[in-house]
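Sequence lines, in order, name chains C and L. Following this note's numbering, the numbering of the first sequence begins with 1 at its first residue and continues without gaps. Following this note's numbering, the numbering of the second sequence begins with 1001 at its first residue and continues without gaps.
Hints are not guaranteed to be accurate.
Stated by the list, open to error - Capping the alpha-carbon separation at 20 Å, the derived lysine to aspartate or glutamate pairs in EDC-like fashion look like this:
no., chain 1, residue 1, chain 2, residue 2
1, L, Lys1310, L, Asp1086
2, L, Lys1126, C, Glu90
3, L, Lys1143, L, Asp1267
4, L, Lys1145, L, Asp1103
5, L, Lys1101, L, Glu1134
6, L, Lys1305, L, Asp1086
7, L, Lys1123, L, Glu1152
8, L, Lys1101, L, Glu1125
9, L, Lys1399, L, Asp1331
10, C, Lys84, L, Glu1125
11, C, Lys86, L, Asp1267
12, L, Lys1131, C, Glu90
13, L, Lys1101, C, Glu42
14, L, Lys1123, L, Asp1095
15, C, Lys86, L, Glu1152
16, L, Lys1145, L, Glu1119
17, L, Lys1030, C, Glu42
18, L, Lys1418, L, Asp1283
19, L, Lys1101, L, Glu1119
20, C, Lys86, L, Glu1119
By construction, these hints were calculated from the structure, which means they are not laboratory data.
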Amino acid sequence: MIRKLLSAGFFLLFAFFVYVDFGLSVETALVLGLALLTPIWEPAGYFALALLGVLLVYRSVGGVIGILTIVFAINYVESIYLAKRKAPAEHYHVLLAGTFLAVPVYYFAYLLSIYTPSFVNTALAAIFVVLLYVLFYIVVRR
Amino acid sequence: MLGFGGFQYRPSAIPTEEEGEELKVSPTPKLAFYLIALWVIPLVSFLLLRWSLAYLVLPYLTLLSVSYLFFKPTERVELQRIVSHDRFLEGQEVDVEVRVKTDFRVDYLYVRDLVPGLETIGKPEKVFSLKPGEEGVLRYRVKIKRGIHRFEGFHVSYRDPFGFFSSDRLVDHYTEIVGVPILYDVQTPYSTKGTKITIGPLPSPLIGGGLEFHAIREYQPGDPLKVINWKATARTGRIMVNEFESERKVDVVFIVDGSKHNEPVFDHLIRAAASLMLNALNDGTSFGLLLAERIPLWVRVDYGKRHFFKCIDFLSTAQPDENNFIAYQVDHLVKTSLPPRAQVVYFSPLITEESREALRILARYGYNVVVISPNPNSLYEPKTEEERLAMELAQLKRKAVLRSLAGYGVIIDWDLKKPLKVAIAEVLGK
């Protein structure tokens, strides 16, 4: 029961941030509607996440608000997965730590961008994407 | 712990440890969905020339990194399956306990017991989250069917907390359970009084001699020296021995028709044979068993509980197969091993010509035969008028066949809707 309440809590926070991002719109309805299907069909949650990513970029919603929207979206989808498997509290701790770690990393990158010239920022973004690719290559081929 | 019939059983608890082999780690389908959701952001960012928003992947990235760090399936897992006995009556619900122990911290360990085609009550699988040295327990129940059931091992899958990566393996762990047939309460459908001719010591559950002189015959290799009749030997010039007769209980031989045609009623055949065998054991009668499968199995006549359990084990594992030689097998048995004047109890629905011929052979050699013949027609319930007519015709045909065989023995036509005891009483009029 606590797990389900936790999932519901994550959904409310996710819904709040989606509302902050897009207001009362078709986008909000689409994302939340898909997300609500997650307890029945888990891939729906990932489709909601993908749609959210596209809409955030399309509407240029970034910053800490954008990050937090994604954090709570991931928390919601993963908490459904954990609740179905009756996961222990430690898994929730890992989930929270893993997702919220993105906030300090974001601020670190943000601070870095203030004190470095724009060309370096572009180079950093390119390196970041390459690193991203390398990481997944290693992870998947492990 | 005491098992069936007061025999001692050993628990099947053999701990199996995984060897330090190289583990294969593979991404799960869930990771594919996760990566799709992740890669959409940098792709759309670059397509819409808003590449600076690529940092929105950060939450995905950090969670995946943390999950990756937590995933170290390199340690040992100890698995143990515990079942209280190794023999159970068919239909019985049996508790199976699987104990899982690790010497490292594991957040997601999926264990599925490989159940060999038995109906399970409760899932034979569980996800464990264990601390070092902590023991997790998976409990479920299985409904036992007759036969040997081999639990070969476990499917173990170690995953990270979010199921992005998995390491799957099969762990061997063998447990064997024998489902023994249900035993019905039955009355003896034959006379246990009789004589048997023997030479030398007579295996008997009773103390004392009880042997009467029967005849003199020529010595045959294997006869004990003390039964040589010296006077007759001197008179005839050939070595002669005394033959004795026991006025005790008759030998009973159970013959089970294992033809594939009997499949619908085979369990009933086996249950009836096991029940009458227990009846013979309680009566103190010696009994033997011929399991007429493709390769016939003959258990010679003997007494006692040990012998009974030996026969029950064979009955438990019996399966109908392509046997069209029962008449030949019975003929061979009569000529080689069947004790003279034995009481034969023949278990067959008598639906094949071979099985009917076997009965004729037994009668021809002068054996008293009681046939327990489960009626396969009684298993089916006609639903339409046509089916009802067809069933009536089939039933008439069966009656005609049984009537033609009535001269060869006492045939108990067992309507499977009734208890065996009632079917026997109806025929024997007890």
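Worksheet entry | Earlier hints that do not hold, by number | 4, 9, 11, 13, 15, 18, 19 and 20
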